[in-house]
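What follows is each chain in one-letter form.
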Amino acid sequence: MRKGIVQLVAIGVVIGVAVTLVAVLFQWLPESASEEFDRIQDLYWFATWMSVVIFAVVAAVVVFSVWKWRVPSDDDSEGPPIHGHTGLEIAWTAIPAILVIALGIVSAVVMSENGNAKANALQVTAIGQQFAWRFEYPDQGDFQTGELVLPVGQQAQFTMEAVDVIHSFWVPNFGQKMDAVPGIETTILVTPKRTGEFAVICTELCGLGHATMRAKARVVTQAEFDAWIEEQRA
Amino acid sequence: MTATHHDSSHQEFPAHFEPPHGSTWKAFFGPGLIRGAWMAVAGFGIGALLVMALRAWWGWDPLWITEVILVVGGMVLAPLGFLAGIGSFDYWLHYISGRPTEPEDHSGHGARTWKDYFRVNTDHKVIGIQYLVTTFVFFTIGGLMAMFFRAELAQPGLQFVDSQTFYGLVSVHATLMIFLFIIPAFAGLANFAVPLMLGAPDMAFPRLNALSFWLLPIAGLMFVASFLAPGGAFGAGWTGYAPLAEGQPLGQTFFNMGVQWAGASSIMTALNFLVTIITMRAPGMTFWRMPLLVWANFTTSLLVVLATPFIAGSQFFVMFDRIMHTSFFVPEGGGYVLGYQHIFWFYSHPAVYIMMLPGFGIVSEVISSMSRKPIFGYRLMALSLLGILVLGFSVWAHHMFVAGMADWLRVPMMITTLLIAIPTGIKVFSWIATLWRGRIHLTTPMLFALGFVTMFVIGGLSGIYLGSVPIDIAASDTYFIVAHIHYVLFGGSVFTIFAGVYYWFPKMTGRMYSETLGKWHFWLTFVSFNATFFPMHYVGLRGMPRRVFDYEEAFGDLNLFISIASFVLGASFVLFVYNMIVSWQRGPIAEANPWHARTLEWQVSSPPPIFNFDEIPQVVGGPYEYGVPGARHAILNPGKEAQREAEEVHA
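Order-wise, the sequence lines are chains A and B.
Counting from 1, position 64 in the first sequence corresponds to residue 77 in our numbering; the numbering is continuous, with no gaps.
Counting from 1, position 415 in the second sequence corresponds to residue 467 in our numbering; the numbering is continuous, with no gaps.
One chain only, chain A, in its complex shape (with noise of 0.2 Å):
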């Protein structure tokens, strides 16, 4: 039985490496421009090492029991009578409740810390509409942009509305999102940490146009961004 053992962890282990080289090889995730999505990202590989372990230990089992005890149709054998094993089902429910009560604490810890608002924070409302967002900057003057521009390092906090339907905010590589509802409003935050042009998408099914409702975002510096303040203001 120990030659199985080490055959076993052999299994897990070529699995483990294979899928390891899957999440590592391939750029699973945009490139991060935000405070919050660096916190994300941290968390996403937090659970990615926890289901490459997970998945590893699954399929071994299951390639291994195959490979070892698979007999041919005309077997009238019987397995052994077992019908269960008090110290491994304990194992099985404990294990991964730590993991999961862990990931959820760490997932806790960066929520609060992407929901913590800034009280000098920007102030930007986003209107989507069929099939379109307009961009607002209540302190800064009285003006709409079909553009969305940002200065860097410096916190946003955006409050969503919706003219018609339910309309979804995203840029891909802030890893932040939020639906804009109609007769409610709603918040998000993003502290941009690099400049460079993105893509605002709508997420939310909202109508015939909705794969076409897209914005551009750009990320600024300070005085570029006060400068296009003032462009907007005249």
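Bear in mind the hints are in silico, worked out from the structure with no lab data behind them.
Every value quoted in this text rests on a predicted model; they were computed, and no experiment measured them.
In this text, a Cβ means the ideal position worked out from N, Cα and C, and glycines have one as well.
Don't take each hint at face value.
[Said to hold, decoys possible] Okay, the calculated bits of chain A under chain B, using three or more residues with CB under 8 Å as the criterion:
{"hint": "1", "stretch": "55-67"}
{"hint": "2", "stretch": "70-76"}
{"hint": "3", "stretch": "86-100"}
{"hint": "4", "stretch": "165-178"}
{"hint": "5", "stretch": "209-222"}
Following the hints, put chain B in place on chain A, whose structure we already have.
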């Protein structure tokens, strides 16, 4: 009931047995599809006249309002007319009106020719097969729709269809797969197997059972017929979120009302299962001796009965908003948009378990029989089903982490969601522990069961990502969700349905399927399934939202790959259909118990006798006692056995 009466009843009602050819009166007015057709038309006419008469009385103009007449005439009274016409209510109407009923008339039991499958038949084994054939027809339609929109998605931009058709295809695909395939296919398998496993002659309410089956094609036809409506099929997704659904063209009504018929069908079946399982267990069949398939259907039925009224309510509210100008979900009228999502998901999350627990039951049966080993941790397996049942009702808002609901709800819903991993994990680990040191027979049902275990683990793990609120915020409403749901519902549920159909095929038809074709079917499905759905995790995380016909050029190559893989997946299903049809006609005759299974359905002939057992069996032990010398699950003919023992003592 005397024998004379029994005979005379057959003479008085010959139409129940063989409709005499040439007797046009009976063909037209006797129960059957012809009477069903004209009574459906009559039902529609009555509905239309009723609406127009009321509008005329109130002096409203115009008299003809398509949507209202469609709802009252086409979607309520016409189906009722059809059901009355095929004879679903005959027995009850006889009883209510004081005319003689025929308690001993079993003409609705068993199937002698293929025509008996097209009648109101009260035999649970016939109904099980009716369910399965119907659901696989709708699986085919839903699958063709998926291949159609995958063709559209092979390149960015619109190539083959317009936007409304695309959203119609996507929405009807999901609706058919959920309401007309996975949920009722499990009901079909359970209909066939559960009474046999319990040692019962039939379900507790055979006529209700027949009625619940016949509601199903009505719902399916409504969903498919929505493509004929002006403006196209319903296109707000299977989730039909308000207020989008309220502004949709006429097709949306087909969804609102189709769900009512499918839901009523599930509720009736679930009640029937509950009463059957509680009251019709053979002597000695305690709860702790029930096979896990029975346990699974017991918990599923509890979920169905408690949750399904909520989706019925949500769709009625949307329909009322549409045609009666209520404003449940219209903010301008004081309505609350998120209210729809709360009610909808209060059903639709438990629905995920409605679509999964029966599959857990099937896999437990298959893995135990094919490993020739007792289920590892039987009691904990049953208890974890109950754990999922309870937790399943406390997680619905994890579908709404980005919906703008009350902030404080997020953390509790995240914790309960993650906790579901515990009972689910117990089940997965117990299945693989059942394999350990077994005598593994790698037959087609076993391949599908093991395929299920590995694929479902992937679906469960991506569920852990989505259970964590911050990751969900990034991944929600993208193709990552599409990947997750297909790993759970295809790699999970559909694999278990295939496992169940192959496993009980010999019992249902009395013939064996082709093992070679079955294995080809499995491997082709397994590989093309992964090729189709695994890359969707990637495009989703990288930035492709779900429910779009157009996307960034960067995702073009992967989408083309996914589309090609999905066509292979579709093609692999042809092998299954061919195997089933040809084997049912000409397969080798199956023995009573080809798998050496211990549960009761395998102890009777294949196919089973018309009332299942000559005598009600006496259950004396657990259902999976492999390897225990002398262990028995049940004594099949306890009366005869006692008599024989008495004779042996005398001798």
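Results for each hint:
no. : hint    : verdict
1   : 55-67   : holds (count 6)
2   : 70-76   : holds (count 4)
3   : 86-100  : holds (count 12)
4   : 165-178 : holds (count 3)
5   : 209-222 : holds (count 10)
Checked against the numbered hints given earlier, this structure breaks none of them.
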